[in-house]
Amino acid sequence: MARDDTASDAGRRDGRNLPYLLVLPGIAFLFVFFVVPLITLFKISLSNKPDRLRPEYDFTWDWGNFSAAFTDFGSQLVRAFVYAAIATVLCALIAYPLAYFIAFKAGRYRNVLLGLVMLPFFTSFLLRTIAWQSLLADAGPVLSTARSLKLGGLLEALQITQDGRLINTQLAVIGGLTYNFLPFMLLPIYVSLEKIDVRLVDAAADLYSPFGRTFQRVVLPLSMPGVFAGTLLTFIPATGDFINAELLGNPTSRKVIGNAVRTQFLNQNDYPAAAAISFVLMGLITALVVVYAKFLGTEDLA
Amino acid sequence: MTRRPLATWLLYAVTFLGFAYLFVPLITIAVFTFNKPKGRFNTAWQSFTFDNWRHAFQQSDYLTAFGKSIQVALIACVIATFLGGLMALAISRYKMKGGPALDLLLILPLTTPEIVMGASLFTLFFNQSVRRGFWTIVIAHTLFCVSFVALTVKARLRGLDWSLEDAAADLGSPPLRTFRKITFPMIVPGISAAFMLSLALSIDDYIITSFVAGNVSTFPREVFDSSKITIPPQVHVIATLIMLIAVVTIVASTLAGLRRESRLKG
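Protein chains in written order, with the working numbering: chain A, 692 to 993; chain B, 134 to 399.
Same shape as in the complex, but just chain A (with noise of 0.2 Å):
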């Protein structure tokens, strides 16, 4: 380290060029892996292809590639969109509670219990979705219980099961998303609110704030920035993903846009649509992120 003793702001110091050194390695390796190829994907994405048969392509400004990609992959992105949503909406309501009674309730078993949570990321994302093929399989545990109470009839009328089925149906595809996403969202909710002051706490209740109002005026705000992270975190990803599709779903809830990428990228060889499918997909996150990012700010000032 080179050694520069001014005091400087926040104990920040002043590292001449040291600093820009460190961060060398990085960009660059960033810039030619990340910046590069998306760039790359761009122009393809404006590209033809002349032979049907062969991977080649020509770059020619060709923006038909993306109005294809919302007339011919439409309903897989708003599919996709709308599994995501839910997952994500089901995973916030699950990890809260979750990540708040680890913050706030766990005393010394704090870590334990974070250590417990993390556990799903040292098992394989793909046999936890297997596991819940067999879970929810037709003579799996889910189903005979709920048989042996006689329940088949209420799961039914609430659209649950499908013909009594269980697994291969929307919701068994939205159950796995919202499972192997679950701890994307706990962990920022968490670190959020672990940050909180208790004392800020004790203080609305000296104040004779009940719970309630203090969870909506002192916690829920100082937690937003977890939950607002968690968001992104597990819905970025899952609108992407397809796994949870194709191990858990049938095959209309299959046709998710990931799904679609990959198809046209490994199976077709149609390097320009999957191009253009790939940046309506990022497009149309990057608007979601934006708008949800202003809504919460604005929450936040009101």
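No wet-lab data here; the hints were simulated from the structure. Idealized CB from N, CA, C, for every residue including glycine. Be aware that a few hints might be false.
Said to hold, decoys possible - Now the stretches of chain B that chain A is said to cover, found in silico as 3 or more residues with beta-carbon under 8 Å:
no.: 1; segment: 229-242
no.: 2; segment: 252-259
no.: 3; segment: 353-360
For chain A, the structure is supplied; the task is to place chain B on it using the hints.
Just chain B now, with coordinates in the frame of chain A:
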């Protein structure tokens, strides 16, 4: 907060259900290691057996693939931790220009859907006629771990007291010794946590890998690509073994933490 038994009771119930939801599939995986499947799919319970554990390492394709996953993860995460750690250190310790732009460059890879990242890397390798295989997987995994490491470490470094370094220097410690004795121990918990998590991310990745792997098979690839044809019980055994290692690590580190705590108190 003790005057609200109903709300507290509800919170306990929801927490219990939440943990049950998290664990039921993990327990299912462990239970199915003792299943004797009829046919090629270990997804429906038939009868109890120890055979899968006895012949745990018989499915050599899955083992080879798992070995590949470990190799990729170790190489990619070491590189990513190095690159990302340096970036985090620079951002949180020094005054520098272009901070917001750098933050954006770090956040973008995390907000790009995996499928888009995989697709873009695929086109890069296709255009440069790079043969896809082991090293392209390593590059891809390094890519999604770099940002992750940089942002995690940055969050952990915020609020560290850098004036300790000045104190060491005032006491006549040479710069390298200060780094070894003060700076490094301060930053190491954040860096090792980020390293562990990126290992988990790398070992588990299927989507990006499927675009850049060529004909090299990683564990998730082997499982997913053959999941329509066969799911042998040995796959469950491998997963359970990894889970056991994780549980033992968590328990051990918690116990160590508790012991440290009681030593400090006593």
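Do the hints match the structure? See the list:
With a cut-off of 8 Å between beta carbons, the segment 229-242 of chain B has 6 residues touching chain A; three or more are needed, and the interface restraint holds. Here the segment 252-259 of chain B counts 7 residues with a CB under 8 Å from a CB of chain A, which clears the bar of 3, and the coverage holds. Residue count for the segment 353-360 of chain B with a Cβ under 8 Å from a Cβ of chain A: 4. That meets the three needed, and the coverage hint holds.
Hint compliance for this structure: every hint is met.
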